[in-house]
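Q: Chains D and G supply the protein sequences, listed in that same order. For the first sequence, the working numbering begins at 1 and goes up steadily by one. For the second sequence, the working numbering begins at 1001 and goes up steadily by one.
Calculated directly from the structure, the hints in this document are not laboratory data. Wrong hints could be hidden among the right ones.
Said to hold, decoys possible - Which chain D residues face chain G? A few, computed with CB under 7 Å, are given here:
#1 N60
#2 W84
#3 V87
#4 T93
#5 E101
#6 R105
#7 S109
#8 F111
#9 P113
#10 F290
What the hints assert, rightly or not - Here are a few chain D residues that sit away from chain G, every Cβ distance over 12 Å (derived from the structure):
#11 D63
#12 G86
#13 T89
#14 A108
#15 P116
#16 A117
#17 Y200
#18 R222
#19 C288
The beta-carbon is built from N, C-alpha and C at its ideal position, and this holds for glycine as well.
The primary structure of each chain is shown beneath.
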Amino acid sequence: MADLAYGAKILIARGLVKSYNGKRVVDGLDLDLGAGSVLGLLGPNGAGKTTTLRMLYGFNEPDAGEIRYDGKLLRDNRDELKGWIGVCTQHDTLDHDFTVEQNLRIYASYFRPPLPAENRRVAALPDTFGLAEFAKQPPRELSGGYQRRLMIARSIVQKPRVLFMDEPTTGLDPAARVDVWRLVSALRADGMAIVLTTHYMDEAERLSDAITVLARGKAVARGTPREILGEVLGEHVAVLDVADVDASALQMWAKARTGNPPARVLDEWQIPLTANQLAAFSEAFSHCRFTVRQPTLDDLFLRLAIESPRDPEEAR
Amino acid sequence: MSWSPRLRDLPDWRTRAVFERNAQVYLRNWRTAFLPPALEPIVSLLAFGIGLGAYVGAMKWHGQSVDYISYMAPGLVAQTVFATPFFESLYSSYVRMFYQKTWDGLLATQVELRHIVWGEITWASARGVMNASVVCVVLAAANALGVLHIHTAWLLALPLIGFLAGWCFAAFGLCFTALVPSIDHMNFPVFLVGIPLGLISNTYFPIDPHNAILAAAMQANPIYHLAELYRALLIGNGPDVHLAWLAGTSAIWLLVFATAAQTLVHRRVLGE
């Protein structure tokens, strides 16, 4: 792993390790986050994304490694640094005993010192997040999209410097997802550093300045989405109809030439290839009809899923 | 995670924030949250005190003859002071921890789990004080009507004493909250621990253990000392040796069970 220097980085994590029941869930992970940038954490289920996030925002202590915010160690400065951190968890943790407005107000009371203009900020948040008309309603009366808006509004109530968002659009309809994207973009434009995990590749590509791909608790790729795809997968993906090709021949060829088996997606075989491999593939399978397209982060996920099959215990 | 009750976190502003959050919710729902549990001891007073009392008649307590309803009235307050925090930290804390994810929301702020534990314990104890206060008002009214015969001046002291004792009962209950796999398993601590413990503590009827081990167990039980202290205050000659026993056993219970609750809740919520 490259040695990453301290500097304008707001968050630097080094050598994070976390085990549960003797199993390493996060295994020597390094992460960096610059102010005003968005880092996407990607990986298949069980890759260690949520555990990583929970260590970064202080929910769990790492077994080894260190986390620094602006150079300060989280474990030695928890009270101060947790005030810098906003958390929007994957699951709804809204306080349904209170109204939308009261949720924001009571959440602000969980931080010290209070912001100088806390009352004004809390009063303005429903407007900013399009929640003004629901201010007096309990969150349970809101749609999923508006509940998610409230979760995000609540997570920035104390004006954090770093915001963690764990799968912020999971379960939302397309329109609500776009709303959340707009909010994330606005927060980034406001100078907030954001770490987000997502299963949606288009979301990661749209929102993230950089991506770290996790598999089995380790970072297996870093960079912009394009860099990662080129580095890990190659420039092309050949797509064949399963009826048009001998599966065992295809699998043997792919394993021998690319080091990886092809991915089966419904009635298609998909094989990520470099330019040279594509030329060889065209020659070897000239009798088959196939199309070629650019790789996407979905292809990367499929690759990782094949390389790191889910632990049956995790699947349970 | 070390074995410690983390007493220094008790006066922390974050513990107070957890307490205030629960208090605000309670005030919003006070009709449903307060009236039914507070009225339950009144039903017990009518059923056991007046109903059963008519059959029991007079009893001997410390050499003096007292009617059954006057004997059981202090025990009723003691039972309320025990049962309310115990069940509050069992059921309500479990719902906030598991179903409502209230604790997860709090943990995403500067509030730490140790503050949540103390906030829940303190809140549960405060609930005991509220319900015990209602029972005291009912006892004062019953005394004025001549239904029972107690020293009403001491009624004012009962909730305060109950608040201090309630801490240890709440910590005791919170240990089970951290241990039960699901809310259905609450039946074990409720029916096998809470209800029997309340009944064998000289609350509704006297127990005279002839076995040395049972006698020692009774001495280690703060509910027993609470019931007997309340009895000494309401129908006896004022504070007696049970005050010291209550202070000692409550302190030990609090240290033991608050330590256990901190550790078990930490393991349950954070998985470590």
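Q: Which of the numbered hints above does this structure break?
A: 2, 5, 6, 9, 10, 11, 12, 13, 14
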